[in-house]
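Undergrad: Here is what each chain is made of, one letter per residue.
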Amino acid sequence: MPGRGLAAGFRGRVLRLGLLCALLAPRAASALETHRFPAPGAEALTLAVHAATDLSAMRPLIEDFQAMRPDVAVAYTEYVTAELFERMRASCAGAGGVDLVLSSSVDQLLKLVNDGCARKLGLPASGALPRWTRWRDELFGFTFEPAVIVYNRDAVPPEDRRRTRAGLIDLLRARPELYAGRIGTYDVTSSGIGYLFSAYDARGGAVFGRVMEALGRARVTLSCCTTELLDALASGRLAIGYNLLGSYAVAAQRAGAPLQVVIPRDYTVVLSRAVFVPKGAPQAEAARAFVAYLLSERGQARARAGSFVFGFDGADVPEADGPALAPASAILRPIEISPELLAIQDRAKRARLIGEWRSAVGAPSPDPPQRP
Amino acid sequence: MAVTALALGAVAASYARAAADGAYDRLLVAAALQIVESVYTVDGVLHVDPPFSAFETLALAADDRVFYAVAGTDGTVLTGYDDLPALLRGEPAGGLPALGDARFLGAPVRTVAVRRYVPDAATPGWVRVALAQTNEARGALARDLTVKALALLAVMMLLGFLAALFAVRVALAPLARVERSMRARDPKDLAPIGVETPREIAALVGAIDGFTERLGRHLALLQRFVAEASHQIRTPLAALSSQVDLLVWAERGAGGEAEERRARLMRVRARARELARLTNQLLDHAMVSHRVEAVRFTPVDLADLARGILRGIAGTLEREIDLAYDGPDEPVRVLGEALSLREAVANLVGNALKHGARTRLEIAVRQRDGFSEIAVIDDGPGIPEADWARVRRPFEGSGRRGADGADEGGLKGAGLGLAIAEDVVRAHRGTMGFSVLPDGCFAVTLTIPAAPAGGAA
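Heads up: the sequence lines are chains A and B, in that order. Under the working numbering, the letters of the first sequence match residues 8 to 379, in that order. Under the working numbering, the letters of the second sequence match residues 117 to 573, in that order.
The hints are simulated quantities; they were obtained by calculation from the structure and are not laboratory data. From the three backbone atoms N, C-alpha and C, an ideal C-beta is built for every residue, glycine too. Possibly wrong hints are sitting among the right ones.
[To be verified] Taking lysine to aspartate or glutamate and the DMTMM-like style, the derived pairs with C-alpha atoms no more than 25 Å apart in a straight line are:
1. 286/A / 141/B
2. 286/A / 199/B
3. 127/A / 325/B
4. 286/A / 179/B
5. 264/B / 141/B
6. 127/A / 179/B
[Stated by the list, open to error] Cβ-Cβ distance ranges computed for the label pairs, FRET-style:
7. 218/B / 40/A: 37 to 45 Å
8. 93/A / 270/B: 48 to 56 Å
9. 304/A / 139/B: 57 to 65 Å
10. 338/A / 120/B: 32 to 40 Å
11. 233/B / 358/A: 22 to 30 Å
12. 219/B / 138/A: 27 to 35 Å
13. 198/B / 40/A: 32 to 40 Å
14. 363/A / 131/B: 47 to 55 Å
15. 273/A / 202/B: 43 to 51 Å
16. 304/A / 126/B: 41 to 49 Å
17. 239/B / 362/A: 20 to 28 Å
Start from the sequences and build out the full structure, keeping to the hints where you can.
TA: Rendered as structure tokens:
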């Protein structure tokens with residue numbers, strides 16, 4: 008979960024087995040913060056953006072959009088993904104004054120759109136963004152975020168920075184004394200993105216089961232949030248992070264953390280953060296303009312200059328070690344924004360996947376189940 | 117045409133709809149079967165794991181919303197949309213998928229229900245899968261198919277129209293040949309149409325031929341009638357004239373009474389002669405008019421014709437008149453009917469002798485600009501220009517200045533000479549013109565298209 012919406016006091020602490028994270032989620036919902044971006048010009052309207060994405064990641068995009076539309080003020084309310092999902096499920100059609108819903112948990116967004124929450128925007132198909140990033144002219148992916156393996160450069164010597172999942176399994180088996188207890192990943196019970204990534208990993212084949220097993224043997228540290236995992240990696244408390252959001256990892260490395268970002272060479276799961284405009288959006292026109300901006304060349308360029316460093320064209324990101332992710336690359340496993348995601352959202356499948364995951368990594372079973 | 121197009125369009129739309137439904141229904145059923153296959157039991161407890169492939173199958177209708185539910189043997193919903201199973205009316209018969217249409221979450225959907233018997237569940241029974249999908253992709257496919265079918269239809273109709281047009285043209289080509297043949301033929305040619313025609317218009321051509329034949333018979337009858345009438349009328353007229361002559365001779369006695377009777381008889385004789393002359397002219401007119409209409413044209417030498425007429429009248433002149441021929445020695449040919457032309461020129465000459473020529477009469481013949489001209493010129497007073505149009509009509513008379521009709525009983529030369537000439541020259545596609553020459557002589561000129569070069573002599 009890329010959310011930064013947790014109370015600041017927990018920042019930087021690795022929450023073993025994700026127990027605390029899960030407990031924290033309801034508490035965070037009551038501590039919602041809304042940040043206002045006043046209109047640069049004469050203010051005509053306020054766009055209510057409800058997002059499960061770091062404000063710092065979206066800030067440059069919002070400000071650039073306001074340069075084009077100086078009459079628009081933006082009220083940015085930040086959620087963790089599950090809260091946003093619950094909020095929207097509760098008032099999908101009426102939407103309660105929500106103009107824009109933005110989240111990395113595209114399976115949740117797709118479920119909402121499938122239930123008829125979104126309005127069609129009439130946006131022409133963009134040449135730069137692939138077909139799988141949009142559905143029904145209602146739900147639009149606008150980022151390209153591979154799931155990566157992150158190494159602490161000080162803790163892991165270069166020869167140990169494995170490039171494939173099989174390599175990682177070998178490493179954990181060969182050198183348990185170095186890495187046991189020092190590898191972390193998302194807790195799928197509390198992290199929407201963690202669940203999404205592992206569900207797609209599970210589609211990837213048998214190798215993921217072995218990864219889970221190896222992680223369990225290595226006493227994996229589980230966390231709800233990308234930021235916490237990256238902080239632990241930067242401080243050296245963790246040596247290896249598996250399946251983290253590549254964009255945030257590169258951003259942390261750019262900020263000076265001693266990290267090595269590796270794009271897996273066997274296959275790479277890619278997420279596209281998505282956005283939709285609810286049917287009852289009060290400022291639908293401005294919301295549509297903001298979506299159009301996010302998909303435009305200008306918006307895409309601005310996003311890559313900021314937090315979302317990877318592009319749909321597969322251009323090389325120097326900080327990330329790995330293959331070029333050209334759109335036609337065979338190792339690319341995009342999380343397609345399509346009814347396929349309904350399978351991810353299926354409650355029976357979710358129960359089964361989480362059960363399997365849990366038994367593989369050795370997580371305790373009485374975890375409070377998270378509703379899809 | 118518009119009704120046909122509408123009907124065909126409706127049929128095309130209906131077929132397209134059925135085809136699109138058929139295609140997408142298969143996907144829907146396939147997905148439902150995949151989901152129902154994913155049901156399994158562990159220790160009698162039902163589990164279901166809807167496979168990705170089922171949703172991938174449904175995602176082939178890329179932009180359609182998907183709703184599904186799996187209900188266990190006891191009817192509880194295991195996963196999916198809880199209120200979907202209630203929507204599906206009726207039970208799927210046996211293992212067959214049951215398709216239908218409904219509305220769900222505000223959208224029209226196509227539904228399918230399948231079931232599978234699970235014997236090893238705690239309560240053995242049927243597990244049901246309900247699956248619904250919105251209709252956007254199938255609607256788009258149906259529209260696309262309809263538009264393409266209609267486009268094809270339009271092209272086919274256009275081609276059919278062109279083919280029909282072509283066929284009609286080809287089929288009616290013999291008619292055009294008949295028409296050309298009829299136009300090109302000589303008006304006097306009453307032979308059957310010699311054009312090869314298909315059976316379809318043989319009856320028409322036969323009817324035309326039959327009509328032509330009857331027309332030919334009637335013309336021949338008329339011809340015989342005119343000839344007989346000429347003979348039958350001329351003979352009693354001649355007899356009447358002789359009888360009057362005899363009476364005049366018999367009344368040669370003197371005395372006032374006898375004188376008076378003689379004078380009366382003289383008037384009767386003049387009238388009889390006038391009647392004979394008029395009758396002859398009328399019959400001539402009829403004969404000539406008929407001949408030029410009915411007889412085929414042959415090459416006629418105007419020069420020879422002119423010389424013949426001059427020779428013919430040379431010995432019959434009642435007063436001293438110079439006769440002259442002005443023309444080439446070689447033939448000046450026109451295509452025409454020799455007798456009629458001779459009659460026309462003879463009438464002009466007769467008119468000139470009777471009313472005009474004082475001392476001189478000339479026939480001039482020449483060839484000019486594809487026309488042949490024959491002119492009768494005399495030094496008489498001629499016809500006043502004001503009367504040039506009038507005298508062409510029958511019975512308007514030549515009305516020549518100084519015409520001497522007194523001794524003929526005041527009939528003033530009313531006659532048909534010029535009218536006959538006019539008719540004849542028209543039948544030859546020529547014209548008759550009057551002119552006063554620089555030397556004061558009066559000329560009547562017949563201008564007739566020359567015979568084509570190389571025409572038979």
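Undergrad: To test your reading of the hints: which numbers does this structure violate?
TA: 1, 3, 9, 10
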